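Student: Here is how the chains run, residue by residue.
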Amino acid sequence: MSMRDTIHDKLVDALAPAALTVVDESHMHSVPKGAQSHFKVVVVADAFEGVSLVQRHRKVNAVLADELAGSIHALSIHAYTPAQWTARGEVIPESPPCRGGSKAD
Amino acid sequence: MSDEQTRKYIEHLVSQNRIVLFMKGNPTFPQCGFSAAVSDTLKKHGVAFHHVNVLREPAVREGIKAYSDWPTIPQLYVDGEFVGGCDIIRELDYRGELGPLLAGEPAS
Numbered sequence: 000m001s002m003r004d005t006i007h008d009k010l011v012d013a014l015a016p017a018a019l020t021v022v023d024e025s026h027m028h029s030v031p032k033g034a035q036s037h038f039k040v041v042v043v044a045d046a047f048e049g050v051s052l053v054q055r056h057r058k059v060n061a062v063l064a065d066e067l068a069g070s071i072h073a074l075s076i077h078a079y080t081p082a083q084w085t086a087r088g089e090v091i092p093e094s095p096p097c098r099g100g101s102k103a104d
Numbered sequence: 000m001s002d003e004q005t006r007k008y009i010e011h012l013v014s015q016n017r018i019v020l021f022m023k024g025n026p027t028f029p030q031c032g033f034s035a036a037v038s039d040t041l042k043k044h045g046v047a048f049h050h051v052n053v054l055r056e057p058a059v060r061e062g063i064k065a066y067s068d069w070p071t072i073p074q075l076y077v078d079g080e081f082v083g084g085c086d087i088i089r090e091l092d093y094r095g096e097l098g099p100l101l102a103g104e105p106a107s
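As they're listed, the protein sequences go chains A and B.
Per numbering that gives the first Met the number 0, the very first residue in the first sequence carries number 0; after that it's consecutive.
Per numbering that gives the first Met the number 0, the very first residue in the second sequence carries number 0; after that it's consecutive.
This is chain A alone, in the form it adopts within the complex (with noise of 0.2 angstroms):
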């Protein structure tokens, strides 16, 4: 299973969200070729109703946490109740450019 399905199946069992997009930005950083290193998640789960910024990204970082002590190197985060989802026009942000860094990084 690739990473990016590992990422969406354990999202859904924890948090049952009412959209998930996870996207594999690897190929958008100097990672070597086929690398699954970089990854965006846009959640959105009622779960997230009254909880911070902070709290939500650490529920996501608790459920991903094999994953990022392992082969992920940078998880972006978007986690929306379903009323800013809806807010936001549904539209997922972009990820800032690559500034290059080492591959070691």
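Please keep in mind that the hints were generated in silico from the structure rather than gathered at the bench.
Only a predicted model underlies this, so the values are computations on that prediction, with no experimental measurement involved.
Beta carbons: idealized from backbone N, C-alpha and C, even for Gly.
Treat the hints with caution; some may be incorrect.
Unchecked claim - DSSO-like cross-link-like pairs, simulated, lysine-lysine; straight-line CA separation at most 27 angstroms:
no. : chain 1 : residue 1 : chain 2 : residue 2
1   : B       : 64        : B       : 42
2   : A       : 39        : B       : 42
3   : A       : 9         : B       : 64
What the hints assert, rightly or not - Every beta carbon over 10 angstroms from chain A, so not counted as near; a handful from chain B, in silico:
no. : residue
4   : 61
5   : 65
6   : 77
7   : 90
8   : 105
For chain A, the structure is supplied; the task is to place chain B on it using the hints.
Tutor: Positioned in the frame of chain A, the structure of chain B alone reads:
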């Protein structure tokens, strides 16, 4: 540095500087897009901030992840409190909450 020494060093940094950004590279030459985005956002708000280039300080690079139990860099601290990483800073800015936070104004 031992883990405890690193923790104390980080504590010192965030207590002695009102706004501290732990980043890869520096504000002039960021070496990561996420670090660049936060640095640029702070510049946009015209606030002075202290930066720590974790690529030059390996102990801090690991220690800062343990300090706030946060797995990624960049990390922004204001008034000694962890605020978040790139996604959170951009979201706070989008909501119009970042400016008051950086200015030290109470949350509305």
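Student: Does each hint fit the structure? Answer for all of them.
Tutor: Tested hints:
1. At most 27 angstroms may separate the alpha-carbon atoms for a hinted pair to count; residue 64(B) and residue 42(B) meet this at roughly 24 angstroms.
2. Between residue 39(A) and residue 42(B) the CA atoms are separated by roughly 25 angstroms; this keeps the pair inside 27 angstroms, and the hint holds.
3. Taking the CA atoms of residue 9(A) and residue 64(B), the gap is near 23 angstroms; set against the 27 angstroms cutoff, the hint holds.
4. Every CB of chain A is more than 10 angstroms from the CB of residue 61(B) (nearest about 12 angstroms), matching its label as outside the interface.
5. Even its closest Cβ contact with chain A, about 13 angstroms, leaves residue 65(B) beyond 10 angstroms, as expected for a residue assigned away from the interface.
6. The claim that residue 77(B) is not at the interface with chain A holds, since no C-beta of that chain comes within 10 angstroms of its own (minimum 13 angstroms).
7. For residue 90(B), the condition that its CB be more than 10 angstroms from all CB atoms of chain A is violated, with the nearest at approximately 6 angstroms.
8. The non-interface label for residue 105(B) is consistent with chain A: the shortest C-beta to C-beta separation is roughly 16 angstroms, beyond 10 angstroms.
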